[in-house]
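Each protein sequence line maps, in turn, to chains A and B. Count along the first sequence starting at 1, add 21, and that's the number in this note's numbering. Count along the second sequence starting at 1, add 21, and that's the number in this note's numbering.
Hints listed in this document are in silico derivations from the structure and should not be mistaken for laboratory results. One thing to keep in mind: the hints can contain errors.
Identical chains share a label here; the pair holds if one copy fits it or two copies do between them.
[Stated by the list, open to error] Below 30 Å or equal to it, Euclidean Cα-Cα: the simulated DSS-like pairs (lysine-lysine) are:
1. K67 - K107
2. K77 - K349
3. K202 - K305
4. K77 - K275
5. K289 - K165
6. K347 - K302
7. K202 - K279
8. K305 - K279
9. K182 - K217
10. K202 - K347
11. K217 - K107
12. K305 - K77
13. K230 - K182
14. K289 - K121
15. K302 - K275
16. K347 - K284
17. K230 - K330
18. K217 - K202
19. K121 - K217
Number of protein chains: 2
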Amino acid sequence: MSNPLLKIAVDAMGGDFAPMNEIQGAIMASTLLSETTPIEIVFFGKEQEIRSALAKQTLPPSFRYSIIHTDEVITMEDDPTVVLRKKRNSSMIVGINAHKDAHVDAFISAGNTGAVMSAATVILGRINGVSRPTIGAFFPTQQKDPCLLLDVGANVDSKPKHLVEFCIMGSIYIQEILGIKNPKVGLLNIGEEESKGNEVAIETLALLKESPLNFIGNVEGRDIFQGTAHLIVTDGFTGNIVLKFAESFLGTLKVAFKQFAQKSIWNKLMVGLIVAPIMKKVLKSYDYQEYGGVPLLGVNGVVIIGHGKSTPLAIQNMILRAVESKQKNINDSIRTSIQEYNSSIPTPVS
Amino acid sequence: MSNPLLKIAVDAMGGDFAPMNEIQGAIMASTLLSETTPIEIVFFGKEQEIRSALAKQTLPPSFRYSIIHTDEVITMEDDPTVVLRKKRNSSMIVGINAHKDAHVDAFISAGNTGAVMSAATVILGRINGVSRPTIGAFFPTQQKDPCLLLDVGANVDSKPKHLVEFCIMGSIYIQEILGIKNPKVGLLNIGEEESKGNEVAIETLALLKESPLNFIGNVEGRDIFQGTAHLIVTDGFTGNIVLKFAESFLGTLKVAFKQFAQKSIWNKLMVGLIVAPIMKKVLKSYDYQEYGGVPLLGVNGVVIIGHGKSTPLAIQNMILRAVESKQKNINDSIRTSIQEYNSSIPTPVS
Numbered sequence: 022m023s024n025p026l027l028k029i030a031v032d033a034m035g036g037d038f039a040p041m042n043e044i045q046g047a048i049m050a051s052t053l054l055s056e057t058t059p060i061e062i063v064f065f066g067k068e069q070e071i072r073s074a075l076a077k078q079t080l081p082p083s084f085r086y087s088i089i090h091t092d093e094v095i096t097m098e099d100d101p102t103v104v105l106r107k108k109r110n111s112s113m114i115v116g117i118n119a120h121k122d123a124h125v126d127a128f129i130s131a132g133n134t135g136a137v138m139s140a141a142t143v144i145l146g147r148i149n150g151v152s153r154p155t156i157g158a159f160f161p162t163q164q165k166d167p168c169l170l171l172d173v174g175a176n177v178d179s180k181p182k183h184l185v186e187f188c189i190m191g192s193i194y195i196q197e198i199l200g201i202k203n204p205k206v207g208l209l210n211i212g213e214e215e216s217k218g219n220e221v222a223i224e225t226l227a228l229l230k231e232s233p234l235n236f237i238g239n240v241e242g243r244d245i246f247q248g249t250a251h252l253i254v255t256d257g258f259t260g261n262i263v264l265k266f267a268e269s270f271l272g273t274l275k276v277a278f279k280q281f282a283q284k285s286i287w288n289k290l291m292v293g294l295i296v297a298p299i300m301k302k303v304l305k306s307y308d309y310q311e312y313g314g315v316p317l318l319g320v321n322g323v324v325i326i327g328h329g330k331s332t333p334l335a336i337q338n339m340i341l342r343a344v345e346s347k348q349k350n351i352n353d354s355i356r357t358s359i360q361e362y363n364s365s366i367p368t369p370v371s
Numbered sequence: 022m023s024n025p026l027l028k029i030a031v032d033a034m035g036g037d038f039a040p041m042n043e044i045q046g047a048i049m050a051s052t053l054l055s056e057t058t059p060i061e062i063v064f065f066g067k068e069q070e071i072r073s074a075l076a077k078q079t080l081p082p083s084f085r086y087s088i089i090h091t092d093e094v095i096t097m098e099d100d101p102t103v104v105l106r107k108k109r110n111s112s113m114i115v116g117i118n119a120h121k122d123a124h125v126d127a128f129i130s131a132g133n134t135g136a137v138m139s140a141a142t143v144i145l146g147r148i149n150g151v152s153r154p155t156i157g158a159f160f161p162t163q164q165k166d167p168c169l170l171l172d173v174g175a176n177v178d179s180k181p182k183h184l185v186e187f188c189i190m191g192s193i194y195i196q197e198i199l200g201i202k203n204p205k206v207g208l209l210n211i212g213e214e215e216s217k218g219n220e221v222a223i224e225t226l227a228l229l230k231e232s233p234l235n236f237i238g239n240v241e242g243r244d245i246f247q248g249t250a251h252l253i254v255t256d257g258f259t260g261n262i263v264l265k266f267a268e269s270f271l272g273t274l275k276v277a278f279k280q281f282a283q284k285s286i287w288n289k290l291m292v293g294l295i296v297a298p299i300m301k302k303v304l305k306s307y308d309y310q311e312y313g314g315v316p317l318l319g320v321n322g323v324v325i326i327g328h329g330k331s332t333p334l335a336i337q338n339m340i341l342r343a344v345e346s347k348q349k350n351i352n353d354s355i356r357t358s359i360q361e362y363n364s365s366i367p368t369p370v371s
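Given only the sequences and the hints, what does the whole structure look like? Please build it.
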């Protein structure tokens with residue numbers, strides 16, 4: 022089967038280890054896809070830095086790439102709301118503009134998440150019918166499938182209608198990319214009973230019950246890791262706090278074991294030789310850096326955002342997800358489903 | 022030093038292991054306090070059950086107790102809003118009423134948290150000037166002191182003024198009970214910058230900056246375990262979700278190690294003989310069951326609420342905390358501080 026060539030824009034100035042991890046991940050993705058889908062990586066960033074990093078790699082013959090030079094770099098400290106105005110010639114803004122102008126089929130970045138979200142939303146625009154784009158995070162679970170938590174910071178003060186839209190978009194993504202039919206959707210709340218929660222939660226529950234989604238009702242904080250649902254929806258305020266809290270867990274464990282190891286030579290040996298290697302294996306799926314980024318759902322384009330500390334493997338997976346999202350026309354499905362949903366509810370609020 | 026006798030009401034039908042854990046914890050607390058503070062434990066619950074559990078224990082001579090028989094039992098499934106009307110003769114309601122009538126100096130329960138909160142608030146009433154009582158949870162941190170997260174479920178849809186009151190009450194508790202002078206207070210938010218967060222967070226930040234508290238600004242999800250602040254405040258909606266999510270960490274870790282152990286005999290041996298015992302030691306402070314309950318702050322009385330799975334040690338600590346709260350007149354300090362605060366702000370909103 023031969024697919025048409027896809028061009029993937031890679032923000033080569035994005036992550037903490039850019040451009041090296043971006044380049045290595047791009048080579049890995051190209052190699053993996055070489056038999057089925059020819060891709061061209063378009064690196065956006067400082068040409069000289071990119072070229073000297075490329076020179077350190079053995080480039081396989083199948084690796085096709087080009088470089089668009091950009092002068093400016095958006096850092097993690099940059100205010101997302103001003104980059105579009107103040108750093109027009111950055112790898113991120115030029116890359117997203119190239120996607121808007123259809124020079125590339127997708128854009129991936131491990132850079133400043135807020136900046137990608139706000140620039141992509143403004144430049145690419147929202148899919149018809151979508152009130153607000155959303156970004157989620159995958160959590161490992163006790164079951165075989167991960168759980169997608171939406172929203173994790175794109176939208177604070179979300180309205181019930183927005184939360185339902187997040188669920189529609191997330192369900193399509195999980196169905197198409199993870200291959201889970203009719204994914205289970207839960208509403209994050211402080212109890213299972215229908216009367217529980219704040220006003221937004223209570224109103225959202227009512228809307229979700231009437232929606233065509235596979236809604237399983239309210240779920241609680243513990244249900245994220247338990248894998249009760251494939252998709253759990255909440256406001257970006259709570260979602261962001263839960264995500265950052267979860268991300269601190271592994272580091273906290275490491276500190277606790279380190280303190281224990283320092284108490285005696287015996288402790289140090291046991292932790293170093295036995296506990297640490299086993300922990301590393303067991304907790305691999307809890308290392309959020311290994312997850313290959315998440316989509317910005319709801320914009321007119323394919324945008325995958327990764328953690329600043331993204332490894333080459335994470336970058337590879339971001340590119341694979343971008344290719345799949347494009348091939349499966351996720352955005353067409355989102356447009357259709359959102360419009361069907363909007364026409365099914367009596368009084369749309371946005 | 023001899024203190025006056027204190028009577029502590031213990032809900033003997035409360036926890037999952039009642040009345041046994043309650044009795045063992047009460048004996049432990051009495052023994053510990055016997056030299057400094059004479060206490061009498063007043064057990065509320067089914068007399069026969071309590072007597073037969075007591076018969077299984079060796080009662081030290083210093084152990085002073087009495088039993089108030091009550092017929093009804095409030096279960097974890099009971100709706101907190103109706104127990105006061107429907108289960109008037111339960112250990113919980115009769116115990117709290119005894120506290121209101123000054124027959125006992127404090128009330129502790131490892132029963133249905135929502136029921137204790139709502140019954141205690143209605144029966145005991147709020148401290149003058151307090152808009153809403155609050156309940157928190159202690160989190161272990163990478164530092165030496167734990168972090169108190171307030172509110173964890175008593176109040177969803179909290180207003181900025183309420184959050185400030187929670188901080189005032191929590192700071193007093195931490196100062197008096199943990200002995201931390203001028204505890205650091207953080208506002209849970211999605212970023213450190215002052216412009217971050219939802220409307221409630223932004224307004225609360227402004228109020229906290231003007232307050233007499235040792236306010237360190239916005240903190241993020243990761244700051245809970247990092248121990249950036251002694252007290253972190255948030256709405257009960259987000260706080261409850263974070264608490265239940267945190268409580269699921271240990272169980273999730275156990276499942277992951279179990280799955281690993283089942284893969285080979287070697288794995289099983291390593292996990293069973295070395296990893297599990299070390300994990301148990303290292304993660305002791307992460308076992309929420311070991312924390313000895315939390316106070317219901319803001320009611321006219323001393324009420325300590327414990328986890329349903331409270332161990333005898335947890336019950337002992339709940340009793341110790343109740344005694345200390347009473348001896349240090351926490352509520353007088355709260356009354357004074359809240360009234361000072363209220364008179365310092367131009368337009369009180371409640």
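Verification of the hints:
| no. | hint | verdict |
| --- | --- | --- |
| 1 | K67 - K107 | within (18 Å within a copy, 72 Å between copies) |
| 2 | K77 - K349 | neither (35 Å within a copy, 67 Å between copies) |
| 3 | K202 - K305 | within (26 Å within a copy, 41 Å between copies) |
| 4 | K77 - K275 | neither (33 Å within a copy, 43 Å between copies) |
| 5 | K289 - K165 | between (34 Å within a copy, 21 Å between copies) |
| 6 | K347 - K302 | neither (33 Å within a copy, 49 Å between copies) |
| 7 | K202 - K279 | between (43 Å within a copy, 29 Å between copies) |
| 8 | K305 - K279 | both (18 Å within a copy, 15 Å between copies) |
| 9 | K182 - K217 | both (18 Å within a copy, 23 Å between copies) |
| 10 | K202 - K347 | within (19 Å within a copy, 57 Å between copies) |
| 11 | K217 - K107 | between (45 Å within a copy, 20 Å between copies) |
| 12 | K305 - K77 | within (28 Å within a copy, 47 Å between copies) |
| 13 | K230 - K182 | within (13 Å within a copy, 34 Å between copies) |
| 14 | K289 - K121 | neither (54 Å within a copy, 54 Å between copies) |
| 15 | K302 - K275 | both (14 Å within a copy, 14 Å between copies) |
| 16 | K347 - K284 | neither (53 Å within a copy, 38 Å between copies) |
| 17 | K230 - K330 | neither (38 Å within a copy, 33 Å between copies) |
| 18 | K217 - K202 | within (29 Å within a copy, 37 Å between copies) |
| 19 | K121 - K217 | between (43 Å within a copy, 29 Å between copies) |
When each numbered hint is compared with the structure, violations occur for hints 2, 4, 6, 14, 16, 17.
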